[in-house]
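Enquirer: Here full-length UniProt numbering is used: the first residue of the sequence shown is 1, the next is one more, and so on.
Treat the hints with caution; some may be incorrect.
[Claimed, not checked] Label pairs and their in silico Cβ distance ranges:
1) Asn278 to Ser99: 24 to 32 angstroms
2) Tyr344 to Glu150: 46 to 54 angstroms
3) Asp4 to Arg104: 29 to 37 angstroms
4) Leu182 to Arg9: 19 to 27 angstroms
5) Glu350 to Ser99: 40 to 48 angstroms
6) Ala49 to Gly179: 30 to 38 angstroms
7) Gly166 to Glu311: 30 to 38 angstroms
8) Asp4 to Ala36: 35 to 43 angstroms
9) Thr101 to Asp292: 39 to 47 angstroms
10) Arg104 to Pro35: 18 to 26 angstroms
11) Gln314 to Glu203: 22 to 30 angstroms
12) Asp292 to Leu197: 26 to 34 angstroms
These aren't lab readings, by the way, just hints derived from the structure by calculation.
Just so we're clear, the structure is a prediction, and the values are computed from it rather than from any experiment.
The beta carbon of each residue, even a glycine, is placed where N, CA and C say it ideally should be.
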Amino acid sequence: MFEDIDTDRRPVVLIWEVTQACELACRHCRADAQPARHPEELSTAEGKALLEDAASFGEGQLVVLSGGDPLARDDLLELVSYGDDLGLRMTITPSGTRSLTPERVGDLADAGVRRMALSLDGATAESHDAFRGEASFADTVAAAEAAADEGVPLQINTTVCADTVGELPAIRDRVRELGAVLWSVFFLVPVGRGRVLDPISPERAEAVMEWLSEVASEERFGVKTTEAPFYRRVELQSDGEAAAPRRRAGITAGRGFAFVSHTGEVYPSGFLPESAGNVRERSVVDVYRNADLFESLRDPDGYRGKCGACEFRQVCGGSRSRAYAATGDPLESDPLCPYVPEGYDGPLPETIAEPTGTPGSAD
Numbered sequence: 001m002f003e004d005i006d007t008d009r010r011p012v013v014l015i016w017e018v019t020q021a022c023e024l025a026c027r028h029c030r031a032d033a034q035p036a037r038h039p040e041e042l043s044t045a046e047g048k049a050l051l052e053d054a055a056s057f058g059e060g061q062l063v064v065l066s067g068g069d070p071l072a073r074d075d076l077l078e079l080v081s082y083g084d085d086l087g088l089r090m091t092i093t094p095s096g097t098r099s100l101t102p103e104r105v106g107d108l109a110d111a112g113v114r115r116m117a118l119s120l121d122g123a124t125a126e127s128h129d130a131f132r133g134e135a136s137f138a139d140t141v142a143a144a145e146a147a148a149d150e151g152v153p154l155q156i157n158t159t160v161c162a163d164t165v166g167e168l169p170a171i172r173d174r175v176r177e178l179g180a181v182l183w184s185v186f187f188l189v190p191v192g193r194g195r196v197l198d199p200i201s202p203e204r205a206e207a208v209m210e211w212l213s214e215v216a217s218e219e220r221f222g223v224k225t226t227e228a229p230f231y232r233r234v235e236l237q238s239d240g241e242a243a244a245p246r247r248r249a250g251i252t253a254g255r256g257f258a259f260v261s262h263t264g265e266v267y268p269s270g271f272l273p274e275s276a277g278n279v280r281e282r283s284v285v286d287v288y289r290n291a292d293l294f295e296s297l298r299d300p301d302g303y304r305g306k307c308g309a310c311e312f313r314q315v316c317g318g319s320r321s322r323a324y325a326a327t328g329d330p331l332e333s334d335p336l337c338p339y340v341p342e343g344y345d346g347p348l349p350e351t352i353a354e355p356t357g358t359p360g361s362a363d
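Generate the whole structure from the sequences, applying the supplied hints.
Expert: Take a look at the structure:
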């Protein structure tokens, strides 16, 4: 379905951060989640209006309800059901807490949730809970099993940084064992509490991409990367198509992707917190299609540095969120990508150094 979407007109993925409230306080949390709900969260009525706007993007628009923990909202089932009735493909990324009981999973399935995404950042309780700084492994696995029992397709999200990269092969096994349909591998962007974590080096990232390409060819579940679109370059180069890439662009901030915060601000991505408008004042459809920020992000020819000169810019384009986090300019080059276009002699992004003694290997 993605190949048929005109990303100038609609996002492939629209995320609504329904709340920042969460029982957990994970070390890497993009949202910098808090224990209590924010008093200026979108109300039920405002949330329904947002979903109505989302439906006007076109048939089957994918909407992801995220947080914080969406379960912190007592109107969550009402919102899911309302979106489902509008023809939206409603999905959810709940936190792995004791509140995500099999009964809650069943209620979400009955309300119309089409997919559930759970975070797994270690293959064991010891590694997962140590990374997140919270005991959530057992609850996450129980929720994954409940999703299978309810027939809800499961997605596993994993953060890649210096602390987790060595766990990737073992996490892969867990993804298979849990029967997930998709493994979404998030490459760290230093925002929120994630600023205290160490990224992997560009060279290590390249090796992980090559390994993920092999995983995708060997496993029944799909593999995608988040904030690391140069995975598509690696795939193309491995297929011998370096000279004339033909695949369509991947999803990047503002180009096939939009994010609505808990207070209604519209960002190109949750990892690129630059507002282009607020849904209380302007339709999310109008912001996505016409805001200057979004339009600039959909023009890879306007990117700066080596990303702007790269022959893969149309199918990759680099992480606009990481460029923004590193330089304050979302059109600058992605510092995680090690590739330098042939003949390019301009400035290079500041090198990311991987901490000495990073454990394990994913290649």
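Enquirer: Now tell me, hint by hint, if it's right for this structure.
Expert: Results of checking the hints against the structure:
Between Asn278 and Ser99 the beta carbon distance is about 29 angstroms. The supplied range of 24 to 32 angstroms therefore holds. Separation of Tyr344 from Glu150 is about 51 angstroms and conforms to the stated range, judged on CB atoms against 46 to 54 angstroms. Range check, Asp4 to Arg104: about 34 angstroms between beta-carbon atoms, so the 29 to 37 angstroms window is met. Take Leu182 and Arg9: their Cβ atoms lie about 25 angstroms apart, and the range 19 to 27 angstroms holds.
Between Glu350 and Ser99 the C-beta distance comes to about 42 angstroms, which sits within the given range of 40 to 48 angstroms. Roughly 36 angstroms separates the CB atoms of Ala49 and Gly179, a value that falls within the hinted 30 to 38 angstroms. Restraint check, Gly166 to Glu311: a C-beta distance of roughly 33 angstroms satisfies the suggested window 30 to 38 angstroms. For Asp4 and Ala36, the hinted distance range of 35 to 43 angstroms is satisfied, since their beta carbons lie about 42 angstroms from each other.
Distance hint for Thr101 and Asp292: a CB-CB separation of about 45 angstroms, consistent with the stated range 39 to 47 angstroms. Here the CB-CB span from Arg104 to Pro35 is close to 19 angstroms, well matched to the stated 18 to 26 angstroms. Under the hint 22 to 30 angstroms, the C-beta atoms of Gln314 and Glu203, about 25 angstroms apart, fit the expected range. Taking 26 to 34 angstroms as the suggested C-beta distance range, the pair Asp292 and Leu197 conforms, at roughly 32 angstroms.
Of the numbered hints given earlier, the model fails none.
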